[in-house]
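A.B. asks: Residues per chain, in single letters:
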Amino acid sequence: MAPVATPFFFYLFAAIMVIGGVMVITRKNPVHSALALIVTLLAQASIYLMLYAPFVAGVQIILYAGGIMVLFLFVIMLVSIERSMKEQTFNSQRVVGVIAAAALGALFISVYVHGKNIFPEGVPAMGEGDNTQKVASLLYGQYMFSFEIASLLLLVAIIGAVVMAKKRI
Amino acid sequence: MQTMLHITTLHYLVLGAALFLLGVIGVLTRRNVVIVLMSIELILNAVNLNLVAFSHYWQGIPARFGGGPLALHGQIFSILVITDAAAEAAVGLGILIAFFRNKETVNIDEVNLLKW
Chain W
1 MAPVATPFFF YLFAAIMVIG GVMVITRKNP VHSALALIVT LLAQASIYLM LYAPFVAGVQ
61 IILYAGGIMV LFLFVIMLVS IERSMKEQTF NSQRVVGVIA AAALGALFIS VYVHGKNIFP
121 EGVPAMGEGD NTQKVASLLY GQYMFSFEIA SLLLLVAIIG AVVMAKKRI
Chain G
1001 MQTMLHITTL HYLVLGAALF LLGVIGVLTR RNVVIVLMSI ELILNAVNLN LVAFSHYWQG
1061 IPARFGGGPL ALHGQIFSIL VITDAAAEAA VGLGILIAFF RNKETVNIDE VNLLKW
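Protein chains in written order, with this note's numbering: chain W, 1 to 169; chain G, 1001 to 1116.
Calculated from the structure, these hints are not laboratory results.
Where a beta carbon is used, it is the ideal one built from N, C-alpha and C, also for glycine.
Accuracy of the hints is not assured; some may be wrong.
[Stated by the list, open to error] Covered stretches of chain W, going by a simulated chain G footprint (3 or more residues, C-beta under 8 Å): (1) 60-74; (2) 79-88.
[Said to hold, decoys possible] The calculated EDC-like cross-link candidates involving lysine to aspartate or glutamate, where the alpha carbons are at most 20 Å apart (straight line), are: (3) K28(W) with E87(W); (4) K86(W) with E1110(G); (5) K28(W) with E82(W); (6) K86(W) with D1109(G).
[Claimed, not checked] So the derived label-pair ranges between C-beta atoms look like this: (7) R168(W) with G1067(G): 27 to 35 Å; (8) L1070(G) with A106(W): 33 to 41 Å; (9) D1109(G) with T6(W): 39 to 47 Å; (10) L104(W) with L1070(G): 29 to 37 Å; (11) V162(W) with D1109(G): 21 to 29 Å.
Pulled out of the complex, with its shape left as it was, chain G reads as follows:
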């Protein structure tokens, strides 16, 4: 009960792992390309959650070990990951539109031109 009521960094990591697994299941099992891209967004969000949780943890570490209130590196990394997610979504949806124009479908099983 004490561990349930005391939110540590590990709780945030477990939540991030759960979201990551949901994203992996979505990528592996869905047939709609749009939802596969959304699952990738879920995975990136799980990574962001871990980064911000570790950033919060480092702020509680003494400054001589590299921590302190100025140790916001995890938040910087999460902002860069969000930038990356935006770029990935734009390019991925552009590819999706080009694909839909050629094949009239959004089913990922029909994207097999390069399949060996």
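So that you can see chain W by itself, here it is in the shape it has in the complex:
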């Protein structure tokens, strides 16, 4: 099936993502930032669907928007936000920070403008329907070792989080 109105949906979701990202870094209330970040993540899942990566889109929604963001909201409720609401939003190095980020952005722009012929142009081929099956066969075949390392990393992270957050072990 041919994609319908791809440029329109690309610009729509890109605009949602950028506006959500700006909201994340400018809101004073951390709960508002978390909600804006959820909107950004859902728009990014849509972009993944446009790139024919349905499994990554599902993982993005379930794990990021459903798991990590709930963790963030729990921690925002655990720590008191009344004091930080009264304080200044940005720190004293904000001007230097924005200038450094602008320099980095200029670097990106120059790379993309100069490397326009190196970077891929043209329409990429359409992906296959059985994306999940292929991802799984790669993950459990060629990338078996990386998969095991990732599971070990998660185990270490669980232990580390419990050790950090618990009052007395």
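Mind docking chain G on chain W? Use the hints.
C.D. replies: Using the frame of chain W, we list chain G on its own:
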């Protein structure tokens, strides 16, 4: 106009760069530790977007150059990056809770015990 209406891999890369810069600005300028961690999530998401875009591009390359419909390596990498982000969020928020218990604040400017 033609380049505007024709979505190539470069469009996705530019979007990823924009998100990355937003995350960098958030990390450098915010004082709340929770929002600094959220900005790190934004940076990781920008990297993921680049990986999936390149994975899609490689699927259009002939198989003799390493592409083809089975070249889903970028998606595998993005799944591993998501795993990493989950581990990072868990440990970072655990550190944040330990810090809040000791200092009663979430201001990152007061995390200066190890500062020279």
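A.B. asks: Let me make sure I understand: some of the numbered hints might not hold for this structure. Which ones are they, in numerical order?
C.D. replies: 7
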